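2 protein chains.
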Amino acid sequence: MSTRAIQDDYPPAFAHCYGCGAQNPHGHHLKSYLAGEETVARFTPDIRYSGGVPDHVYGGMIASLLDCHGAASAAAFARQKEGPKPGDGSEPVRFVTASLKVDFRRPTPLGVELVIKGRLRSLEGRKAWIDLSLDAGQLTCAVGEMLAIRLPGRTRT
Amino acid sequence: MSTRAIQDDYPPAFAHCYGCGAQNPHGHHLKSYLAGEETVARFTPDIRYSGGVPDHVYGGMIASLLDCHGAASAAAFARQKEGPKPGDGSEPVRFVTASLKVDFRRPTPLGVELVIKGRLRSLEGRKAWIDLSLDAGQLTCAVGEMLAIRLPGRTRT
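Sequence lines, in order, name chains A and B. Counting from 1, one number per residue, gives the positions in the first sequence under my numbering. Counting from 158, one number per residue, gives the positions in the second sequence under my numbering.
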């Protein structure tokens with residue numbers, strides 16, 4: 001697994017996201033890592049982020065985690081596909097979400113570490129389709145699919 | 158338009174949601190209202206909730222607002238369809254999200270009031286399909302569609 005978070009390579013001007021931006025002093029600072037053919041993030045929501053009942057995570061948090069992790073995954077997979085190029089190893093790549101679908105399979109328990117994973121379904125030009133999952137222990141609590149779009153101006157070195 | 162928020166009729170045991178629960182002291186306390194054949198909520202995200210760039214709202218907040226408003230809309234439309242019944246006017250109805258799809262049409266500006274609306278597409282037994290939109294001024298920034306499921310034990314008076 002990579003030791004440097006995908007979000008740590010975001011250009012500073014595009015790293016203000018409340019969910020995962022290093023430049024946002026208030027946010028969740030989600031960190032996603034490339035691990036072979038998948039991406040992984042781990043996050044334990046604070047107990048304040050409860051759903052309708054106090055021992056479950058609220059849906060907005062689940063969508064947020066999948067959204068931030070999916071956009072990071074798209075950036076990582078795009079860089080992985082392109083491969084290393086001399087002198088541009090740190091070239092920033094940034095995707096934004098065009099569409100996100102979340103299926104909530106079961107209530108997500110609060111107070112345990114959640115593991116969010118991403119896999120590349122396809123990459124065509126500036127479009128990346130990412131499959132996502134969110135697990136608590138052995139249980140998959142939510143799955144997602146995302147269409148992410150690469151920001152223009154950062155698609156070429 | 159109704160003067161009482163849909164969320165204010167949630168059973169207290171199911172009103173802990175960070176996004177819209179009256180029982181959560183930390184959360185956003187989104188308030189949704191029934192207005193004829195649609196539902197409406199208004200919310201101005203704090204500037205900390207920025208997206209990748211500081212003047213846009215982060216995707217997780219947009220998904221959160223649509224999620225909470227959609228579940229509230231399902232409850233309101235279900236009650237509206239059933240009509241008033243003597244002695245059960247305050248019967249709690251609570252839906253949870255089974256699936257939510259969000260299409261981010263354009264960046265959502267930060268620092269302005271957002272208007273979230275819901276419309277009932279169909280209601281079959283415990284299942285409600287809700288169409289959602291999120292506007293900033295005259296611009297529709299995101300649209301959503303949700304499948305919400307009525308919590309058992311609260312489906313009959």
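In short, the hints are calculated from the structure, not lab data. All values derive from a computational prediction rather than experimental measurement. Quick reminder that beta carbons are idealized off the backbone N, C-alpha and C, glycines included. A couple of the hints might just be wrong.
In silico contact screen, one side only, chain A against chain B (beta carbon under 10 Å); selected entries [stated by the list, open to error]:
hint, residue
1, 1
2, 11
3, 14
4, 23
5, 27
6, 58
7, 62
8, 83
9, 97
10, 100
11, 103
12, 105
13, 107
14, 109
15, 112
16, 115
- Task: Just pull the numbers of the violated hints for me, sorted ascending.
- Result: 1, 8, 14, 15, 16
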